[in-house]
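Just so you know, the protein sequences line up as chains A and B, in that order. Each residue of the first sequence is one higher than the last, beginning at 1 in my numbering. Each residue of the second sequence is one higher than the last, beginning at 1 in my numbering.
By construction, these hints were calculated from the structure, which means they are not laboratory data. Mixed in with the good hints there might be a few duds.
[As the list claims (entries may be wrong)] Derived CB-CB ranges, DEER-like: (1) Leu38(A) <-> Ile264(B): 52 to 62 Å; (2) Asn199(A) <-> Pro155(B): 38 to 48 Å; (3) Val190(A) <-> Ala397(B): 14 to 24 Å.
Quick caveat, the model's predicted, so the values are computed rather than measured. Cβ coordinates follow ideal geometry from the N, Cα and C atoms, glycine included.
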Amino acid sequence: MKRFLRYINVYELIRPIGQLLTFSVGSAALMSAIVVALALVLDQTAVGVHLMDKLNVTVFNYTLSNLPQVVIDGLTIGFVYAAIALGYTMVYGVLQFINFAHSEIFAVGAFVGVELLIFLQSAGVLAGASLFMAYAYLLLAIIMGMLAAGGLAVAVERIAYRPLRGASRLVPLISAIGVSFLLQDVIRLVEGLTTGQFNRIMPTFGNFDERIIFGKLSMGASKLVLGISIKSIIVIVVAVLMLVCLNYLVNATRVGKAIRAVAQDMPTASLMGINVNRIISLTFLVGGLLGGAAGVLYALKFTRIDPFVGFFPGLKAFTAAVLGGIGNMTGALLGGIILGMLETFAGSYMGIFTMGAAGSEYKDIFAFGILILVLIFRPQGLMGKNVGQKA
Amino acid sequence: MVSSYFKELFDKVNQGPLAYILITVHVIAGTYLVYTEPRSNLAFLVLITSFMSLYFFQADVRFKLFVGAVLALVIIPVVGVRNIFYLEVIFQISVFAALALGLNIVVGFAGLLDLGYVAFYAVGAYLWAFFGSQQFYVLHYAPGTQPSDLPFLLPGDAFYMFLLVGVVIAGLTGILLGLPVLRLKGDYLAIVTLGFGEVIRVLANNLDKPLNFTNGPQGITPIQRPTMPDFAVDWFNTIFSPLVGHPISPADMYNLMFYIYALIVIIVIIFVTRRLDDSKLGRAWTAVREDETAAIAQGIPLVRMKLTAFAVGASFAGVMGVLLAASRTFISPESFSFMQSIGVLTMVILGGSGSIPGVILGAAVVTTLNLQVLQGFSLYLNELRQSDAVIPVINFAWKDLSTQLDPAKYQKLFFGLILILMMIFRPAGLIPAKRRKRQVAPEESK
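The whole structure should be built from the sequences, with the hints applied where relevant.
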């Protein structure tokens, strides 16, 4: 055992967990503090009166009673964003190119996973499955989604991006947009021809929909329920596992060293005997695997998927990558968590705070506002180094 | 090998009187086919492509202008009134050609990838939709609850003024958006403009409260059109009704009028674009596109040049938006989706970014693909489904073909394919932009 441990870089296993913990707790605390402060202020204004008339609670109490759920939802979606954002950031790190089709890779992963589960359900396996088997099936779906998405990502790179390497920057980007559009309709076509419908629902099985209740706190008139659904725990656990593995792969293995070398300087890396094309394929594979898994997790969390499911998560994950500093893996984690938090907080509280004038319908464009602000004031992102763009 | 053979053949044909004859034959054949077969898509394609032979064959410019004018002002109105669907196709081609020309300035000339271009189109459309309808008096009603007898804010003829207002407002929007984001390079800019496009769409969808500006997803209707003078209808009827075969109603006449307006706008846009391309500004754009660092070193004010490109491109879209709102009398956020932006980008890329004829060709090809080829193919598949036909070898009955296989619904697939294939095989487009060959001073021979 001891001999075996010598080969494992324990530090690289612990470090990302520490980072994730810090980022999660930090952003949750910060956002909560801001929201609570806002609530206290708004209680003195017309907003408080309005809410008092309507629901008979103060803004402060309303905010507090929703807070735990909002934080958990924000964390869950934040981890999903982080997993997708890593796909963007890795490809950008190596090729300085936005893989616009990554959102469809994500969607394909979701569809493969969900279709597999639907198939298992129609075969009658899911209904009577024991708890252990239910988790095994979910794991199988996640793995199949990962494999399909990873394979697709590699194929897309080979067909649509590799011939364009060395062209001007916009050329592969336009090709990637083309791939994204093509894949959306291919998913639609395949789904339409095989199942006759585009919207697929994740089958319910196992105990994923149950909630674990930690306890109840009474706060004046309103009750505060502390709980978390099992789904959210699964999403968070799987995402953390993947992120740790990825971090280990990139920072503590030989292949990872090759990836970093290619990202730093492609011609020199190739002179050192690294097969650059293979490393680039590998980067796409890893990004695709993560994206596929994120797709299945997303389907688990939100239940319903359609061929365009990838568009907004993809854009937000890209925003997360830019927010954290594109090309920087830790930054992608941070960006994903912050963005997930911000978005969930905005979606939950904006409607109340603005007296219904601007509610959760603006949640999807909230990310863009952040993106624009980041690009104006800190284009290198929160954790990025200020390096000039390569021509 | 094959292409060079065709090129030789084409060069052989394309000289002397043969070219004139071919052009004339093509136009006459197209006209005859459409006139005798007013419902055939194929006949219409023959007529439409006569613009291409007009462009590709060598002939005197005056001859070309004359034939072009006859085509645009006599033949198309007549066949268009006989089958109003053709006029619709031509109108859409013109609208998209104008949009593509606008995007061409941003993408083709200045090299800035704008993925939210229809946002400016939406700005123009909603501008006239708001001021040219009852919307001003609906501000305090939730969508669908307003009384039906509200007055209009402005008379319909204010439309002409709003064509100019649309130019200005859309241009200003372009500058406003450009100011913060134009410091960014290439791909970041693309994503931010995409975001901006989505922001505009989401705003159009949701600005029905607290004040009802856009009427939400239902969209604004009715939007006024400019008044149609009676004499125009009479005049058209006296000249053309024998050719058309029946008198023209004012409703059809409106379609014709907007077609003519779109044509005028396009001609103005082409003129402006050509002048800009040859101006100091156009050269500065090219410099920025080719190499930003070198352009700065030459003393070109980078951000100001990019802003101008953004504003000019946006203003083209704005004026077309106003025109669209008036011609449709109805607009909703759905017309301004991300797919539309990519559609216009596809036109520019397919035709050849930076090339005026190329971009127009791209708009025509993509629009006819959407409206005619794919639709026609869908209809054909439907007919096959109704019949008892069977694919011989694999013994597959057409009846069993899924109704989901409907090519008209898969525009995105074709947009995507076009973008990928063009980028890999012909990144300069079908008609590549001509590089400037003129020199400042001719070299002296020693």
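Here's how the hints hold up against the structure:
1. In this structure the supplied range 52 to 62 Å holds for Leu38(A) paired with Ile264(B), their Cβ-Cβ distance being about 53 Å.
2. The hint said 38 to 48 Å for the Cβ distance between Asn199(A) and Pro155(B), and at roughly 46 Å that hint holds.
3. A C-beta distance of roughly 21 Å is found between Val190(A) and Ala397(B), which places it inside the suggested range of 14 to 24 Å.
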